[in-house]
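Novice: Following the hints, put chains B, C and D in place on chain A, whose structure we already have.
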Amino acid sequence: MSRIGVFVCHCGLNIAKTVRVSELAEFAATLPDVVVAKDYKFMCSTPGQEMIQHDIKQYNLDRVIVTACSPLMHEKTFRKVIENAGLNQYLLTIVNIREQVSWVTTDIEEGTAKSKALLNGAVYRARLLAPLTSRVIDVNPDVMVIGAGIAGIQAALELANTGKKVYLVEKNSTIGGHMAQFDKTFPTLDCSACILTPKMDNVLQHKNITMLTYCEVSGVKGYVGNFDITIKQKARYVDHSKCNACLACTEKCPGKGVSEWDEALVKRKSIYIPFPQAVPQKPIIDRESCTFFKKGKCRLCEKVCEQKAIDFEQQDTFIDVKVGAIIVATGFDLMDTKPLVQYGYGKYPGVYNSLEVERLFNSAGPTSGKVTMRDGKEPQSIAILHCIGSRDKNHHEHCSRVCCMYSLKFAHLFKEKTSADVYQLYIDMRAAGKGYEEFYNRLSEENVKFIRGKGARVTESTEEPGRLIVEAEDTITSKFMKIPVDMVVLSPAIVPRAESKDIGRLLNLSTDKQGFFMERHPKLAPLSTMSEGIFIAGVCQGPKDIPDTVAQALGAAAEALTIVVNDKMELEATTAMVNPASCCGCQNCVRVCPYGAPGFNYEKRVSEINEALCKGCGLCASVCPSSAIIARHFTNEQVLAEMEGLMEF
Amino acid sequence: MLKKTAIENISQLAAVLMEKGTLLAPVKEVSCHNFAEISDPQKVDLKFYNTLMSPKSAFFPHREDFVKYKVGKPLSEAEHTILNLKPAFLFGVRPCDVKSFEIMDIHFNAAGIIDPYWRARREATTIFGYAYDINQPVDSADFYNTLGIYAADPEGSDIFMVKKDKELLLKSITPKGEKLLAELSALEKASSGDEKYYEDYIKKGKDYKTRFTCVDSEVIAKKIESIFDNTDFWTKMSAACLSCGICTFSCPNCYCFDICDDTLFGKGTRSRVWDACMFTDFTLEASGHNPRTQVYQRLRQKVSHKYSYHVRKYGVISCVGCGRCTRQCPVNIDIYSIIEAALKA
Amino acid sequence: MTDFKKIEENLKTEAGRLLKEGLVTVVLSYGKGFDENHPMPYAAKTIADVENIVFNQYCNYNMARYLVRYPQGTKIAIAVKAADSRAVIQLIQEEKVKRENLVILGIPVQGMKNPKTGEVIDSKTTCGLYNPVLYDILLGEEVHGQKNALPYEVLAEYEAMDKDARWEFWEKELNKCIRCYACRKACPMCYCDPCFIDQSKPKWADKAPQSPGNMMYHLTRFHHLAGRCIDCGECSRACPVDIPLYLFHKKVAKECEEMFNQKAGMSIEDKPVLVDFRVEDSDKILE
Amino acid sequence: MSFEPKILGIACNWCTYTGADLAGTTRLHYPQNVRVVRVMCSSRINPSFIFRAFQLGADGVLIGGCHPGDCHYNTGNLYARRRLATTKKILEFAGLEPGRLRVEWISASEGNKFAEVVEEFTMQIKNLGPQSKLKIQQ
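Chains as they are written, first to last, in this note's numbering: chain A, 6 to 654; chain B, 538 to 882; chain C, 224 to 510; chain D, 0 to 137.
Keep in mind that a hint or two might mislead.
[What the hints assert, rightly or not] Label-pair ranges, simulated between beta-carbon atoms:
1. C:Glu318 / A:Ser50: 55 to 65 angstroms
2. A:Arg8 / D:Lys134: 31 to 41 angstroms
3. C:Glu510 / B:Glu614: 45 to 55 angstroms
No lab work stands behind these hints: they were computed from the structure.
Glycine included, each C-beta is placed from N, C-alpha and C at the ideal position.
Okay, chain A solo, but in the shape it has when bound (with noise of 0.2 angstroms):
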């Protein structure tokens, strides 16, 4: 016979307005082993918590129900309760009647009818739950970093500052990621570089960073704590331990291939550094367009160097490191705006996207930093088309948030170094941000054209070749219009880098419709993930402009900081166990498990569970056909009486 506390809260009228709390808390005191029954306004409050722990005194509780919000949100919050009270922290019950009841239903008969069967269930459930000891584990002290752009770049520096050992993995030759493009930085107009590069030297001189640039994470395994990570290092055919960065072989080659750096606007040497402040300074050789590696003969760049560090046979390597902490920041690309035709982006050389502009103003871009177009000429009308792809139902509902700010940006630059006419055409101007609305109202006074409406439509004007005409209704005057310009920029909106999608499925993250990764709640913990230990930071979790994704990086830091600064750690207790007097050595178990926790004893000719590796998803005990194996905390016991209780009204 347990004695169970049932405790029902109002959370204020969120629950209390369609679910009728008190008549709830009488139900819960006719239900058998139910000892307390109560309801108060907001259990979660210290004078609720104060309550809890009181009655598991004075009515000596052995399980205590809280009938609340989603145990996803006060869980944890009501184990800690329950556990200064003396009570296992496994022995408590949260049933779900606000996200699950209240908030979606109107009809309060509804609510409280359906919040009694979840009660009934808990009750059910509560009558056989055990309390269940957390295991400790050691941690590894070192932290990885994956995405070497600003908000790698910072998190990474902030840990190891405090002397953890980061690695920081970066997919690029260099890091910098984006900002590292970027010519100035809104509002301030600060150059991007100059904020930038001290940085990615602290990087390369900090002791406690080991850099791992032409990289990517191949295989992840393990849990929070104890993550064993293997890395491809990719053959830049260059061995960088030799080479010291004179760069005469980039000088000599006579390859050509495609700049990614600058956006595709010009072609560099097959082998290359991708810009001047690249850090690491040492080049890699680019199969695709290196001479010897098409035609078979070249080897120029081996006849130059003087630290023989070229190396045509290097191969891909792997390299296994062990952490505790993740933190993802993967960044993200802009859109392809190419299927979107009626932008003619692809299709009319004076159309660019945005970052293709960001080159065209650096003085380390193609153009050196004067804004001339792809026919060498200076324009002299210039759109800028906000919300392209974003903010659309038809590509991406969501905003890009950065835009609003780059595209008043780009007008002033544009008006600070050409004598065009700037037209900005937007939906709404979006300037949320500290100085960003005095930067918008500087840039009205700059002589830049406004136009409320979205650009619909880019065409070439058939009086003058080359010159393109923007379709647009002003929705200010309702007035459709058609401005002749010279160069149209489009925002693209921003979508999560392409190879995001293998990060997630290898570290377990789930993603949203955009998808960008979910964090585990979006206000209160709005950095973590629903893997334990994995941390992400800055645009992959959605866009957002430098500051934001600075004080991401940061949070990050100290969040995985908060993991790896103990030498031990509690995980959850839910694991699966063999009952070996009941286990038929079918070894499904040994089949299943992604990750190997079952092993089979060949010896007493039954499986078993390394706890260490079980993570608790239970699949393990579904396909034992002898119900040998106990889920904890989900039994089979467990489930099917909580699905009595739930059906029994």
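Specialist: Below, chains B, C and D without anything else, positioned relative to chain A:
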């Protein structure tokens, strides 16, 4: 008293008995006959050799509810099942099966433990024994002769029936049977020819031979005890055994049961459900220990219980040679052959 | 087809040789029962035992059932008919026995009979194959030229039934069950000990032979055998109350073959389909 | 009174349960007939749970898991897909209406899908009427 009826009119007799109480009689199922409570008198069917399941379920049903209770409510609120029985008629029981009731009485209705459920049913029931048809061949699995039972043994029946061509002769054996038979006006009076036929039939029953081995209960009891440790013997005997429960479930003398508590939506029932010593979990103890994990141990237990322990304790073999276990066994294990082999071992 | 007598002779010869040469310690085949019509599964362990081996039309038992009874590593010779060999393959897949510990004596045969009914056992209640799928020694000539038996033809009638009629059919059939568990005990793939239905934690169903428990037992058992049942029909022949369990198993086997493109017990390289997956499995199977 | 079906929902913690929470957070209204059991992964669902649910009187069973490929445990739902498909075939051949068991992949961000599925499934079960075949008659 001897009465008779045409077999084709058996449903009329059934209808009369149904008016008086509950009638349990053989009915034809897809490929066998079984005793069942009759709701349609036309369903009574005497064209059977013997039923698949023994008639023990008339007194000892597969499941017997004892107590109904509510989870969380005090014991005082629990309801005990009380049997309110109408008179019952168990119709068409073969002599070996009739004999089994007497053996089962030892366990349920004799000094020591009296099972109210068994007793109530037993007392409410009038048994119509039914001689084997001695004009038909005997089934090769039967061996009731070995246990001293014959094809037309009236002993133990209240009324005993023999088949005469297309007629059924009914003879009262006990005062209870006599009283009932007198009340059954639907039946015709038997002629003196019938009387003679009946007497002859009973006599001829002795010559209707099943398999037979001379078994003295004391001798076999001692013998089986002596080979308890002969693992080779038992392993060999049980090599084919699958450990299913059909032999024990169909046996008229197996009486093991399990007490089960089943609850649904807070309402519970405590009941007695047949169990079988051939099941692996039969002897599973709460500690997890199981003294009989091997097939040979379980088969040895079954044979020893019937032919040795039961003799030691109650003086009789707990087997009537009805042949059901042999007939139903999916792998043709034959307890008669085991006994024969044991005697030679 | 090689006649029964000849197969019996071959069986005795091979059993004798294997035991004599010490290649195996036990030969699982068929032996004398209490009369001619009632042979029994038989484990010959000595050369003297070989004389007791018989083979006739009633030797329908699937001897694979007995394989798991012997300690791992025991060298076993086993006589198998077509479906029986599939059971052996399935057990090898499930690592209950090792291929290298087995000498498989294949029996190509047709015209086996059900001793209870005298009916010829054909594709109605079994997989309909005549020749063993896997063997080391064949004890007769392969059966050829027979009309190709289709194991799932028998299902058409039941598949065509209205769902309510089918429910009525199964409810009636499964309610006959007396829970003697002969079906699972005769089944070569039901090697769990304890069976889920014997568990007290949790107690999946009542022990009494009544509808809820019977349903839970049989439906779950059908699931446990999904993709594993090799359609030997032994469950139905063992059943004292003649529940046509083979029908249900056939249906599940057929569905599994269609969904997962793999037939149980055909290759020792396969993995049981329900402890396996393919990323490209279609969501259509859930419709 | 119109027939209000009792539907048992079994949802995986990471996707469908979170998705159901999201439906609440975003105040999407849907019928209150589904009572959800939370399990860690859709692969935890033992087919016998489903048989039992129907025995307990569920008129429908709704199972929710992560989209294939997005399982929090990598491959759990890929096993679940096969196992649940087989369960469905078994129930169907036993004579239960196949529409009474439904499996849906609902991600943590698909609160609206959860609400839609519940709405649709509840309608479907209402049309099918009470489930009496497997329900234990007390």
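Novice: Give a verdict on every hint.
Specialist: So, going through the hints one by one against the coordinates:
Between C:Glu318 and A:Ser50 the CB atoms are about 56 angstroms apart, so this pair conforms to the stated range of 55 to 65 angstroms. The supplied range of 31 to 41 angstroms is met by A:Arg8 and D:Lys134, whose beta-carbon atoms lie about 33 angstroms from each other. For the pair C:Glu510 and B:Glu614, the supplied restraint of 45 to 55 angstroms holds, since their beta-carbon distance comes to about 49 angstroms.
Hint compliance for this structure: every hint is met.
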